[in-house]
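A.B. asks: What follows is the residue order along each chain.
Number of protein chains: 4
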Amino acid sequence: MLSFENDYSEGAHEMVLKLLLETNMQQESGYGTDTFTQLAKEKIKEQLDCPEAEIKFLVGGTQTNQIVITALLKNYEGVLAADTGHISTHEAGAIEFCGHKVLTLPHNLGKINADQIRDYVETFYADGNHEHMVAPGMVYISHPTEYGTLYSMEELASLSAACREFEIPLYLDGARLGYGLMSEETDVTMADIARLCDVFYIGGTKVGALCGEALVFTKNNLPKHFVSTIKQHGALLAKGRLLGIQFLALFSDNLYFDISRHAINMAQLLKNGFTQKGYQTLIDSPTNQQFIILENEKLKALQQQVRFSFWEKYDDAHTVVRFATSWATTKESVEQLLALI
Amino acid sequence: MLSFENDYSEGAHEMVLKLLLETNMQQESGYGTDTFTQLAKEKIKEQLDCPEAEIKFLVGGTQTNQIVITALLKNYEGVLAADTGHISTHEAGAIEFCGHKVLTLPHNLGKINADQIRDYVETFYADGNHEHMVAPGMVYISHPTEYGTLYSMEELASLSAACREFEIPLYLDGARLGYGLMSEETDVTMADIARLCDVFYIGGTKVGALCGEALVFTKNNLPKHFVSTIKQHGALLAKGRLLGIQFLALFSDNLYFDISRHAINMAQLLKNGFTQKGYQTLIDSPTNQQFIILENEKLKALQQQVRFSFWEKYDDAHTVVRFATSWATTKESVEQLLALI
Amino acid sequence: MLSFENDYSEGAHEMVLKLLLETNMQQESGYGTDTFTQLAKEKIKEQLDCPEAEIKFLVGGTQTNQIVITALLKNYEGVLAADTGHISTHEAGAIEFCGHKVLTLPHNLGKINADQIRDYVETFYADGNHEHMVAPGMVYISHPTEYGTLYSMEELASLSAACREFEIPLYLDGARLGYGLMSEETDVTMADIARLCDVFYIGGTKVGALCGEALVFTKNNLPKHFVSTIKQHGALLAKGRLLGIQFLALFSDNLYFDISRHAINMAQLLKNGFTQKGYQTLIDSPTNQQFIILENEKLKALQQQVRFSFWEKYDDAHTVVRFATSWATTKESVEQLLALI
Amino acid sequence: MLSFENDYSEGAHEMVLKLLLETNMQQESGYGTDTFTQLAKEKIKEQLDCPEAEIKFLVGGTQTNQIVITALLKNYEGVLAADTGHISTHEAGAIEFCGHKVLTLPHNLGKINADQIRDYVETFYADGNHEHMVAPGMVYISHPTEYGTLYSMEELASLSAACREFEIPLYLDGARLGYGLMSEETDVTMADIARLCDVFYIGGTKVGALCGEALVFTKNNLPKHFVSTIKQHGALLAKGRLLGIQFLALFSDNLYFDISRHAINMAQLLKNGFTQKGYQTLIDSPTNQQFIILENEKLKALQQQVRFSFWEKYDDAHTVVRFATSWATTKESVEQLLALI
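Residue numbers (our numbering), protein chains in the order written: chain A, 214 to 554; chain B, 214 to 554; chain C, 214 to 554; chain D, 214 to 554.
Note that these hints are calculated values from the structure, not bench results. It is possible that some hints are incorrect.
Identical chains blur together in the list; that is why a pair holds if it fits in one copy or across any two.
Straight-line C-alpha distance at most 20 Å; calculated SDA-like pairs for lysine to any residue [unchecked claim]:
(1) Lys-526 x Pro-436
(2) Lys-490 x Met-366
(3) Lys-231 x Thr-336
(4) Lys-258 x Val-401
(5) Lys-287 x Leu-234
(6) Lys-287 x Lys-437
(7) Lys-437 x Ala-339
(8) Lys-231 x Ala-339
(9) Lys-256 x Glu-368
(10) Lys-526 x Gly-341
(11) Lys-287 x Pro-436
(12) Lys-287 x Asn-433
(13) Lys-484 x Ser-522
(14) Lys-526 x Ala-339
(15) Lys-437 x Leu-553
(16) Lys-287 x Glu-368
(17) Lys-437 x Glu-380
(18) Lys-511 x Tyr-338
(19) Lys-258 x Tyr-338
(20) Lys-526 x Asn-342
(21) Lys-437 x Ser-371
(22) Lys-231 x Asp-328
(23) Lys-258 x His-531
(24) Lys-513 x Glu-335
(25) Lys-544 x Glu-368
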């Protein structure tokens with residue numbers, strides 16, 4: 214059965230596996246002090262134009278969000294996020310578990326903007342009762358968003374300016390960062406993100422790795438004793454090499470970017486195929502997630518042969534579904550899908 | 214340089230990597246719902262003689278300890294453990310971070326006994342102030358312990374009986390479980406552990422996997438909504454297959470046990486070599502960790518050619534150091550080590 | 214200066230102070246085991262028609278909400294509440310600090326209804342991703358609400374039925390309960406609340422006490438080791454008598470109800486005065502909080518002589534302000550206020 | 214029945230009640246912004262010789278410990294304390310509930326010393342695994358201790374010096390502070406404590422108040438947004454005046470010190486009475502708690518007529534019991550007790 218269900222249906226890119234194999238019996242020290250982890254950090258820093266960047270590798274996205282947000286917030290602060298943000302909806306209360314409120318803002322296709330931040334913070338401090346309320350202490354955005362959309366350079370710069378105005382860090386969740394950076398419609402580079410955000414992560418799990426996210430602190434702002442914080446969250450791998458080796462492979466020979474562009478190409482092929490056949494999209498997504506409006510009967514028929522995700526009801530006769538491409542999507546599978554519609 | 218520093222210096226056993234490669238491009242659903250995870254659970258259950266066992270795969274030991282203990286304790290309860298237990302000493306406060314006190318008992322070569330449990334619980338409830346104290350709600354043991362020692366069947370059975378008497382679960386941390394089960398001096402099987410403990414985990418990270426621990430609930434006691442709890446702790450892998458595949462390999466063709474026995478054989482070779490040359494051990498460890506007393510000058514010389522761990526000062530002229538073997542230790546490396554002493 | 218700023222501007226009702234004085238030198242045991250606390254519980258139970266009720270006295274409202282919600286929720290659960298609920302807005306993240314998300318529902322004049330509960334829970338369990346989301350584990354309502362409104366018997370009964378259908382407890386925050394029960398427009402008694410809610414609290418701080426809330430578990434559902442939970446939250450008074458004595462006074466000779474009715478009478482006098490002079494109310498509040506729409510210039514003038522609370526901007530020329538009466542409000546002060554408008 | 218069970222068996226000193234009554238109907242703003250609270254702070258500051266002191270009033274001791282420790286520790290830090298410290302033993306895990314480990318040191322009659330601190334911190338940072346351990350981030354002492362003992366000026370100064378050397382705050386729990394300051398054997402004043410400690414609290418609950426502790430930050434180190442932190446812990450009284458008025462009374466006309474000296478006088482009378490009759494003390498306590506060794510048969514007989522506390526078993530024939538005096542203890546009651554032995 215064809216699957217466009219998500220971008221984590223396969224294992225890892227072959228170059229990632231190859232490097233795991235080649236290095237397998239090399240004895241290395243644990244907990245991220247190995248040589249591969251060090252090399253991977255250097256490779257990533259080359260992309261960032263940010264010599265002061267400090268990088269830590271973690272296993273997954275929710276874990277990364279939870280640790281960063283807990284480490285950067287004061288006990289009385291919460292994190293501002295779109296109401297559709299992953300931390301707001303699909304992390305089973307991971308942020309609240311660590312003691313912090315997610316302060317939600319209405320989203321616009323998954324995005325929030327600088328005016329919302331400014332308005333929230335100013336309204337907060339103008340409120341005579343603000344000492345009884347949760348102070349906004351950080352801004353969380355995802356890029357690409359949960360709707361596959363992207364911040365433009367201008368949007369990102371104005372968010373960054375608003376955050377600096379109020380001296381609260383801007384954190385970018387890049388679970389699908391490669392697919393954003395390689396979109397044909399973006400004007401944002403990884404170096405721009407390093408410059409405009411205080412902390413962000415480069416997603417590996419959805420972009421060619423078995424697991425792993427590269428967390429980047431860009432402003433000499435690595436929290437003190439951060440290894441202890443990682444350990445305290447149960448997130449410190451004994452074999453830290455597992456993450457270092459994977460990111461070393463992904464950031465060698467442009468692999469991360471090449472495989473991301475491939476996923477974008479496949480998504481464009483898929484979208485064009487659907488639109489040429491008269492289907493409409495819910496959102497004109499420039500990244501690897503495509504949101505197509507299907508007649509309910511067509512949906513049922515297609516489900517017999519293809520796996521994809523329910524997104525939301527559109528009207529009584531139609532449903533929005535999501536097709537995701539990835540580094541692993543083949544042109545053949547897209548063509549097979551298009552042949553079925 | 215030779216390394217006996219720990220049991221997680223290399224990657225994974227070749228059969229583990231082989232299965233990762235073979236299955237790499239098979240599309241599977243996420244979050245542990247894949248077919249490999251299901252197969253791995255079945256394979257493990259065959260070893261347990263416990264049809265009601267419920268198994269979840271997690272990434273690391275501290276994470277597993279943190280999640281199990283948080284899920285099983287009531288808010289007002291703490292966990293009893295040896296003062297040398299991993300949760301007491303080397304998890305950076307991971308248990309306290311989740312709101313629970315570790316109630317420590319004096320260890321005997323890393324172990325605690327049923328009388329200590331009984332005495333603690335009875336003294337607690339006899340104390341007129343016990344409502345102002347942390348109630349003992351669970352018992353944590355490690356097997357092998359941090360000192361490489363093992364519980365005998367009789368010791369484990371009496372701990373189990375004490376826990377049942379007070380209706381508190383017995384949890385066994387099996388980070389190095391294979392090395393305990395394959396020791397020549399044990400009378401405890403994995404099925405015994407499943408019978409006597411309420412929950413335990415089978416360590417993968419230190420026994421041939423890149424990462425991963427298999428958590429086993431043995432008494433129809435899987436906590437409700439446990440997947441949500443895992444997610445809330447940032448511990449739910451999108452590509453759950455990574456863990457399932459590795460345990461499928463480890464529990465096929467007796468691999469887990471064979472490679473564990475190999476490590477034990479290497480440890481015996483190492484210990485015998487030292488003792489034949491007149492060295493003394495701190496503890497007569499029957500597992501893969503060996504604690505040797507070195508003259509300080511010998512220690513310094515040896516450090517130039519071998520990596521091992523400082524354990525503790527013995528006296529002004531001597532130091533205890535730890536040599537660890539593993540599935541990856543070669544006979545050649547042990548012989549090279551012995552040639553150096 | 215006149216003050217209608219809130220319902221906690223004075224100390225305690227004279228009968229409360231009188232009993233504190235009379236009993237002052239009587240030696241009693243601590244932590245709520247004193248004889249006054251026992252008597253107070255008996256007095257309250259007489260009002261509840263609920264022999265199985267179990268009562269604990271706590272110091273304040275946020276503390277009570279925090280402890281009850283933490284004690285009743287499972288770790289993976291959150292609490293449903295109106296987006297205007299006190300726990301949602303003005304407790305500085307006290308619920309999240311204890312690890313739980315407040316799941317907000319749009320309010321209707323401060324209230325939520327059974328259909329919202331039913332819809333939320335059913336949608337939650339129908340969502341294929343619900344294991345990645347926070348499960349609704351409890352319903353929080355305030356009565357009177359933050360808008361001074363009241364649930365009717367029918368509304369409360371249907372909320373109760375919805376909660377029982379899904380087996381989640383219904384918790385009523387009665388910080389101003391007396392003012393709700395003595396409203397001329399209510400058909401709900403304290404016994405009804407005991408019957409329909411699983412847990413609720415009878416507010417003392419705003420109804421004649423120096424401090425204190427009486428927390429009532431109505432369904433044999435007092436959490437185990439609840440004294441330890443109170444202690445763990447730093448909420449167990451050494452001199453528990455302070456709370457017991459106050460509630461003993463309040464629930465002797467109908468005092469709690471008489472002084473609540475007085476506040477209602479004063480609120481009606483105030484409201485009638487404003488409406489007779491042509492002012493409009495934002496909400497037709499039947500309780501002790503009155504929300505009056507003032508011209509901005511009138512507001513400024515009035516602020517010179519009277520303290521009251523800003524509620525919200527109405528339009529460019531008008532503002533909504535809140536006047537609160539209480540057990541301590543005198544008829545003279547209301548008449549002075551009305552003379553000023 | 215006579216009671217020497219504890220120092221919180223009665224209500225409040227008559228001057229405290231008198232001021233509560235006199236001020237009862239004065240309208241004041243809430244949450245500690247009232248005029249009495251301001252006056253009380255000024256009165257206390259007069260005693261401290263510390264113009265930069267910042268004072269907050271809280272309800273109880275465990276609450277105060279929990280809030281201070283949580284507000285001052287970083288997430289990866291724990292608090293050093295004697296193994297007999299109140300936070301270590303009798304706060305039902307209140308510190309761990311907030312995410313922090315209590316790092317215990319062996320006590321000497323309830324006290325710890327500078328060498329222990331220095332040794333712990335130095336050993337910690339010398340340990341190659343310290344990133345996997347809980348960092349010592351604060352020192353907690355009680356004065357008087359749980360054993361009624363006192364730190365000398367020299368001991369306190371050396372603890373203070375050790376803390377400054379490592380830049381970790383020294384926190385003094387003064388639940389019974391008055392009884393320490395008025396001891397005939399102390400050379401420590403309240404101003405000394407303000408100078409040597411970074412934060413401490415002046416106990417009210419056990420020294421004449423109905424409830425309340427005055428928390429003092431002495432080094433311009435009041436945590437930011439501390440009111441929000443108090444609120445988040447459910448510890449912000451709506452009627453903050455309750456605490457302000459009581460401390461205003463206690464710190465007017467030397468009351469706090471006079472009533473503390475009275476308790477000391479009563480304790481001396483009691484101790485001398487026992488020793489003159491040949492009884493021995495476990496500890497030569499200079500404060501209001503006296504630890505007497507009773508024959509078991511004498512104990513049983515005495516329990517028929519006097520309430521006191523079991524402390525610990527001495528030998529098979531003897532038991533240590535505690536007699537506590539307080540501001541409320543009368544000379545008559547001590548004489549009656551002595552007549553019974």
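A.B. asks: At most 20 Å between alpha carbons: which applies to Lys-256 and Glu-368, within, between, both or neither?
C.D. replies: The answer is neither: 28 Å in one copy and 52 Å across copies each exceed 20 Å.
A.B. asks: Since the copies are identical, ignore which copy is meant and state whether Lys-287 and Asn-433 lie within 20 Å (CA to CA) inside a copy, between copies, both or neither.
C.D. replies: both (18 Å within a copy, 18 Å between copies)
A.B. asks: Between the shortest in-copy and the shortest cross-copy C-alpha distance, which are at most 20 Å for Lys-258 and Tyr-338: within, between, both, or neither?
C.D. replies: neither (38 Å within a copy, 30 Å between copies)
A.B. asks: When Cα atoms must be at most 20 Å apart, do Lys-526 and Asn-342 count as within-copy, between-copy, both, or neither?
C.D. replies: between (40 Å within a copy, 15 Å between copies)
A.B. asks: Is it within a copy, between copies, both, or neither that the alpha carbon of Lys-511 lies no farther than 20 Å from that of Tyr-338?
C.D. replies: neither (52 Å within a copy, 26 Å between copies)
A.B. asks: How would you classify Lys-526 and Pro-436 at a CA-CA limit of 20 Å: within, between, both, or neither?
C.D. replies: neither (43 Å within a copy, 33 Å between copies)
A.B. asks: Checking Lys-437 and Glu-380: alpha-carbon separation at most 20 Å within a copy, between copies, both or neither?
C.D. replies: Both ways: Lys-437 and Glu-380 sit 19 Å apart in one copy and 15 Å across, limit 20 Å.
A.B. asks: 20 Å Cα cut-off: does Lys-484 pair with Ser-522 within a copy, between copies, both or neither?
C.D. replies: within (15 Å within a copy, 55 Å between copies)
A.B. asks: Under a CA distance limit of 20 Å, which applies to Lys-231 and Ala-339: within one copy, between copies, both, or neither?
C.D. replies: Result: close neither inside a copy nor across copies, 57 Å intra and 39 Å inter.
A.B. asks: Evaluate Lys-437 and Ala-339 at a C-alpha cut-off of 20 Å and name the case that applies: within, between, both or neither.
C.D. replies: between (32 Å within a copy, 18 Å between copies)
A.B. asks: When Cα atoms must be at most 20 Å apart, do Lys-287 and Glu-368 count as within-copy, between-copy, both, or neither?
C.D. replies: neither (27 Å within a copy, 34 Å between copies)
A.B. asks: Classify it for me, Lys-437 with Ser-371: is the Cα-Cα distance of at most 20 Å met within a copy, between copies, both or neither?
C.D. replies: For Lys-437 and Ser-371, the Cα distance exceeds 20 Å both inside one copy (29 Å) and across copies (28 Å).
In this structure, the earlier hints numbered 1, 2, 3, 5, 8, 9, 15, 16, 18, 19, 21, 22, 23, 24, 25 are contradicted, and the remaining ones agree with it.
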